[in-house]
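Participant: Each chain is listed here by its residues.
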Amino acid sequence: SQTIHQWPATLVQPVGSPLSLECTVEGTSNPNLYWYRQAAGRGLQLLFYSVGIGQISSEVPQNLSASRPQDRQFILSSKKLLLSDSGFYLCAWSSSGGYNEQFFGPGTRLTVL
Amino acid sequence: ILNVEQSPQSLHVQEGDSTNFTCSFPSSNFYALHWYRWETAKSPEALFVMTLNGDEKKKGRISATLNTKEGYSYLYIKGSQPEDSATYLCAFNRAGTALIFGKGTTLSVSS
Chain A
3 SQTIHQWPAT LVQPVGSPLS LECTVEGTSN PNLYWYRQAA GRGLQLLFYS
53 VGIGQISSEV PQNLSASRPQ DRQFILSSKK LLLSDSGFYL CAWSSSGGYN
103 EQFFGPGTRL TVL
Chain B
12 ILNVEQSPQS LHVQEGDSTN FTCSFPSSNF YALHWYRWET AKSPEALFVM
62 TLNGDEKKKG RISATLNTKE GYSYLYIKGS QPEDSATYLC AFNRAGTALI
112 FGKGTTLSVS S
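Here the protein sequences line up with chains A and B, keeping their order. So the first sequence is numbered by my numbering: it starts at 3 and just counts up by one. So the second sequence is numbered by my numbering: it starts at 12 and just counts up by one.
Just chain B, same shape as in the assembly (with noise of 0.2 Å):
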């Protein structure tokens, strides 16, 4: 069974911190890992697609990282706004297959 782990499950942090959190996935057969954000309310909006191994990509204030060898990418965001609050989806693909999501990470920022 695949299994995509994200951490923390939640974190809050001040306006102004930044931080990152973490997406887990199977290394082998790798095809695309897919960084989401959900915020309440609304549906799921992507952030990145990311395919290749040492992939950065960068939205703003928000950026990304891959490392497919060994299976994990990290999202940060650097001075955190309130307007940031939302769950952070990973998903994970493999050529041909459906995308396995994490569970998330929720991240409260408090003005």
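In isolation and in its complexed conformation, chain A is listed as follows (with noise of 0.2 Å):
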């Protein structure tokens, strides 16, 4: 069965340094994968989405970047962080067919101060 993983869980980060969030799939190839964004009073919003490696679709313009160094992995950076940045960022991946169903993980709790 296919599994996805985020971490960390919960990070609190000063205004001005850097971010790394990491996200891995297992148990599938080739996924679709997802970051997205929930701030406070907010939907779900898509940041970035990736059909392959080295592939990245930005959706929204930002200080955010992200990166799928391999297959089964997507890594969301930043160099300086906003206090606008703070929120629940989720990873997802779907199937490269399909009808786009998403699978979510666990999710990470991201304060900036």
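Source of the hints: derived by calculation from the structure; they are not laboratory data. Hints may contain errors.
[Unchecked claim] Just a few of them, taken from the derived set where beta-carbon distance is under 8 Å, the chain A residues facing chain B: (1) L46; (2) Q104; (3) G107.
[To be verified] Covered by chain A, per the in silico footprint, the following chain B stretches (three or more residues, Cβ under 8 Å): (4) 39 to 45; (5) 57 to 64; (6) 82 to 93.
By construction, the Cβ of each residue, glycine as well, lies at the ideal position given by its N, Cα and C atoms.
Take each chain as given, in its own frame, and dock them per the hints.
Facilitator: In structure tokens form, the structure reads like this:
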């Protein structure tokens, strides 16, 4: 069966510090991978998605970036965090075919102070 | 800009009440409509994927209907229980595109 891992579970970072959140998927190959954010009082916002190694599509201009160095690894990064980057970050995967049903990781709660 | 609207934003019901929520989405180039259940401190869990106009899906006390021509889906919960308390998200996509999520309906069920 497929599983998706995210870490860390919680993170408190000062403004201006770097960020690296990691997501890995097991039990499937060539998945589509996604990064979402839920800011306080808002819905799920798609940040990035990837259909393959090195292929990243950005949905929202921001100071975040994503990379996919391996087939089942997706990394969300920032060089300098802003207060507005606080939120709950979710990684998800879907099969490359089908109706794009997505399966979510446990999430990372990021607080930028 | 594609938009998915959910209503109500939140609601509070008593144990045993039946309830329903609405999801509205663009009706053109429809591909699939998804419902997710998101409990606090957990990750969203897929409930249904609906693809055909007139689709009805059921899982236990939860069911959903789909109208692709007019662009709406209803989620029904029969005999709500406290464990049904969660945020219910719907998401829409066209072929080959990422899901677009609504903001969700947060249900609170009191015993």
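Participant: Compare the structure with each hint and give your call.
Facilitator: Comparing the hints with the structure gives:
| no. | hint | result |
| --- | --- | --- |
| 1 | L46 | 4 Å, holds |
| 2 | Q104 | 6 Å, holds |
| 3 | G107 | 6 Å, holds |
| 4 | 39 to 45 | holds (count 3) |
| 5 | 57 to 64 | holds (count 3) |
| 6 | 82 to 93 | violated (count 0) |
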